[in-house]
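Asks: Residue numbers (UniProt numbering), protein chains in the order written: chain E, 1 to 217; chain X, 1 to 217; chain U, 1 to 231; chain H, 1 to 231.
Mixed in with the good hints, there may be bad ones.
Derived PhoX-like pairs: lysine-lysine, alpha-carbon spacing no greater than 25 Å straight-line [claimed, not checked]: (1) X:Lys14 x X:Lys181; (2) U:Lys131 x H:Lys3; (3) X:Lys17 x X:Lys4; (4) U:Lys158 x E:Lys124; (5) E:Lys17 x H:Lys134.
So, partial list: chain H residues that the calculated Cβ filter (under 7 Å) puts toward chain E [stated by the list, open to error]: (6) Met1; (7) Ala112; (8) Ala116; (9) Trp157; (10) Pro200; (11) Ile203.
Source of the hints: derived by calculation from the structure; they are not laboratory data. A virtual CB, placed ideally from N, CA and C, is assigned to each residue, including glycine.
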Amino acid sequence: MAGKRHFILERALKEIKDGMNVNLGIGMPTLIADRIPEDVHVMLQSENGLLGIGAYPKEGEADPDLINAGKETVTVVPGASYFDSAESFAMIRGGHIDLAILGGMEVSEEGDLANWMIPGKMIKGMGGAMDLVQGAGRTIVIMDHVNKHGESKVKKRCSLPLTGQGVVDCLITDLAVFQFKDDEMRLVEIQPGATLHEVQNKTEADFLIDDGLTSYQ
Amino acid sequence: MAGKRHFILERALKEIKDGMNVNLGIGMPTLIADRIPEDVHVMLQSENGLLGIGAYPKEGEADPDLINAGKETVTVVPGASYFDSAESFAMIRGGHIDLAILGGMEVSEEGDLANWMIPGKMIKGMGGAMDLVQGAGRTIVIMDHVNKHGESKVKKRCSLPLTGQGVVDCLITDLAVFQFKDDEMRLVEIQPGATLHEVQNKTEADFLIDDGLTSYQ
Amino acid sequence: MSKVISSVEDAVSEIHDGATLIAGGFGLCGIPEKLILALRESGVKNLTVVSNNCGVDDWGLGLLLKTKQIKKMIASYVGENKLFEQQYLNGELEVELVPQGTLAERLRAGGAGIPAFYTATGVGTDIARGKEHKVFNGRTYIMEKGITGDFAFVKAWKADPYGNLIYRKTARNFNPVAARAGKTTIAEVEQLVGIGELDPDRIHTPGVYVRYVFEGKNYEKRIEKLTTVKA
Amino acid sequence: MSKVISSVEDAVSEIHDGATLIAGGFGLCGIPEKLILALRESGVKNLTVVSNNCGVDDWGLGLLLKTKQIKKMIASYVGENKLFEQQYLNGELEVELVPQGTLAERLRAGGAGIPAFYTATGVGTDIARGKEHKVFNGRTYIMEKGITGDFAFVKAWKADPYGNLIYRKTARNFNPVAARAGKTTIAEVEQLVGIGELDPDRIHTPGVYVRYVFEGKNYEKRIEKLTTVKA
């Protein structure tokens with residue numbers, strides 16, 4: 001499990017380029033922050049009103065007035081700015097955040113994403129996810145390829161309520177990387193340790209295989 | 001002419017109450033500011049991004065970064081704030097400015113106002129006038145009752161392009177004060193030196209005469 | 001024209017049963033904690049509350065759930081609250097979930113006199129159901145409406161007697177949009193300073209939006225998720 | 001990730017004939033004076049310029065009228081400029097007059113991903129002609145569309161290398177909305193400071209909106225109407 005997550009995070013990391021403004025979703029995406037190399041300068045946005053998230057504070061130095069969107073205490077980097085929620089989402093919805101990396105429950109071959117609600121379970125709310133998937137320059141979803149029961153989370157059609165329709169640009173799982181473009185879902189990479197056969201077996205969605213597929217086995 | 005203006009300004013002044021946030025239009029309305037007594041505390045808004053306009057600066061102390069909507073150099077009072085144009089008009093259009101006092105070219109019996117454009121003359125633009133008449137809590141128009149040719153500026157229908165339709169709450173001229181309410185235009189006061197006969201003669205608009213008409217002669 | 005009040009109870013006393021109340025804050029950060037406590041004491045009922053979250057079981061807006069003062073909640077995320085779930089499942093509490101950006105923008109619009117606007121957020125999801133759709137430049141958007149409230153509760157760091165407000169760090173969040181959208185906005189602050197002591201270039205919320213200002217003492221400022229690294 | 005450029009010419013060189021340019025400023029206050037001069041030197045033509053005003057005959061955007069680089073002007077007030085009138089009457093210059101608040105809001109909307117919104121401003125006037133009307137709560141509103149530009153020129157007081165901006169007094173005006181609405185936003189500032197030197201609570205325009213930052217020298221900051229009282 002730790003290994004799977006490692007490959008997902010490392011692959012997602014490659015999408016983060018120097019100079020980008022990036023929003024990392026709550027949960028697994030947040031873990032990417034620690035892996036960003038020092039020579040890759042990015043500004044991490046937190047939709048509660050901060051551009052320039054830093055590390056977690058040292059013990060005893062947490063400030064209740066300084067949290068991220070996951071409500072964790074954080075610090076800021078030099079060059080950070082604070083703003084209100086309307087400004088924060090003007091930034092997100094106006095296309096000024098280059099990249100959003102979010103967790104997912106299901107992704108469909110049409111690039112639909114479901115990641116906020118399981119009918120019959122406790123309602124929690126979508127928070128800023130619906131805004132991020134529509135507004136960010138690129139939306140990358142990271143998630144396990146199959147659920148606890150071994151069922152594919154990469155579906156023909158999402159069975160859960162959608163967060164956004166046709167919003168996923170790239171899906172990174174523990175088995176593969178898919179890109180969505182021009183109404184096509186395309187397998188572009190196979191993760192270390194996985195095989196094309198395994199990806200095909202564990203994917204409900206129909207997808208094309210990219211000519212330049214890497215790690216083809 | 002100076003006398004006429006004096007009565008208009010003094011009457012308009014009575015509409016300004018302690019604690020109000022007020023926008024005074026360019027031209028004659030700006031002159032009201034100097035007449036506000038010291039014990040009447042109001043915040044004057046300038047739509048270019050200032051709440052809390054003060055007096056003109058002393059000679060040699062003008063700051064090019066500090067002007068009013070008429071582009072005149074000004075100062076600020078304690079408690080003033082600066083903001084951007086979107087915030088300024090959020091304030092105006094959201095109904096947070098209690099009172100706007102504007103100049104007029106024509107006012108109709110329906111409460112329509114024309115004050116921004118004379119067809120065939122140089123185009124200047126409406127600036128913030130169309131926003132102010134729609135957004136302010138109350139809109140008061142101050143103007144001469146007749147034009148240079150002795151023709152009534154208080155009309156059945158405006159002949160000039162409108163700034164706003166049914167937006168005038170109160171009209172103060174050198175001859176009279178009218179209120180607009182429930183689709184009725186009502187003469188409520190006659191200015192010092194004027195007579196009802198004169199007001200009737202010089203007003204093209206049809207209006208009701210208020211029971212409590214003051215200065216009735 | 002001082003707007004300073006010496007007791008929150010006075011300000012809260014204007015709030016009537018069935019009122020719509022907008023509250024600033026994100027999680028437990030920047031919440032109007034004194035005003036919420038005073039509202040609980042007031043016993044006012046059947047409130048419609050608009051806020052990004054609904055506090056936790058024993059703090060913030062969660063306190064008003066305990067006393068069943070909230071009839072309807074408009075929020076983007078309510079996942080930290082067991083009472084909330086219970087009352088919702090019992091049918092005691094109505095809920096309208098709104099995407100966070102749409103909620104912020106609806107409040108900003110309400111305060112700015114904009115009755116409605118279009119956004120791509122929520123297109124193709126349950127959120128879009130029953131809403132007007134319109135295409136601009138080949139992309140589909142839905143219409144969302146402005147929100148105003150009878151009252152707004154705002155928490156700021158500093159204020160002057162005219163009600164000019166300055167927030168601190170991410171405690172700003174929804175407070176400025178709440179301040180604009182409330183017909184009667186009540187601000188509680190950590191520090192009240194004299195008129196003219198705030199730099200006019202630094203003011204986040206001009207006093208025109210604020211009706212009452214209250215200086216609170218001993219803020220709890222609870223932390224929801226303390227995350228630290230070893231020193 | 002420094003965005004600092006040492007010559008305005010470099011930044012302006014990206015601007016192409018026929019581009020849409022948004023410029024901050026109100027009257028001659030807070031105008032991007034260095035960028036306008038550089039644009040004049042570039043000789044780029046057929047520009048659509050969005051700005052509250054169009055400068056005066058010999059300063060600000062008026063300079064670009066003289067050289068006939070502006071094809072269309074979108075503004076709220078252009079009364080200070082004789083060249084403007086001439087070119088308009090000759091049919092050399094297209095003009096779209098927009099109420100000031102609508103202009104500010106259209107730029108804010110454009111920058112915020114909102115394609116259109118409703119406003120009461122202009123209802124019943126020539127401005128409303130051909131626009132969609134809609135009634136909300138018994139009041140009629142018209143639909144106005146967001147504006148974005150290929151480029152935006154912004155003038156600020158202080159900046160850091162990431163492009164965080166702080167404005168001074170009423171020189172703020174349209175600059176923040178211009179910064180958001182430009183696809184490529186170029187900021188000129190009076191003072192460039194090191195990264196981390198600006199208080200994050202004081203920043204008016206977060207650097208995410210800014211592509212290039214230029215530190216200008218010897219600002220003229222002309223005063224349009226000097227009004228003073230005897231000392």
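Asks: Now tell me if each hint is right for this structure.
Replies: Right, here's what the structure says about each hint:
Using a Cα cut-off of 25 Å, the hinted pair X:Lys14 and X:Lys181 holds, with the two alpha carbons roughly 19 Å apart. Proposed proximity of U:Lys131 and H:Lys3 is contradicted: the alpha carbons are some 42 Å apart, above 25 Å. For the proposed pair X:Lys17 and X:Lys4, the alpha carbon gap of about 23 Å is at most 25 Å, so the pair holds. Proximity of U:Lys158 to E:Lys124 is assessed by CA-CA distance (about 33 Å); at most 25 Å being required, the pair is judged violated.
A C-alpha spacing of about 45 Å is found between E:Lys17 and H:Lys134, which places the hinted pair above 25 Å, so the restraint is violated. Because the smallest distance between the Cβ of H:Met1 and any Cβ of chain E comes to about 4 Å, under 7 Å, the interface hint for this residue holds. Hint on H:Ala112 holds. Least Cβ distance to chain E is approximately 4 Å, under the 7 Å limit. The interface hint given for H:Ala116 is broken, as the beta carbon of that residue sits about 14 Å from the closest beta carbon of chain E, more than 7 Å.
Because the beta carbon of H:Trp157 sits about 15 Å from the nearest beta carbon in chain E, more than 7 Å, this interface hint is broken. The interface hint given for H:Pro200 is met, as the beta carbon of that residue sits about 5 Å from the closest beta carbon of chain E, less than 7 Å. The interface hint given for H:Ile203 holds, since its Cβ lies 4 Å from the closest Cβ of chain E, which is under the 7 Å cut-off.
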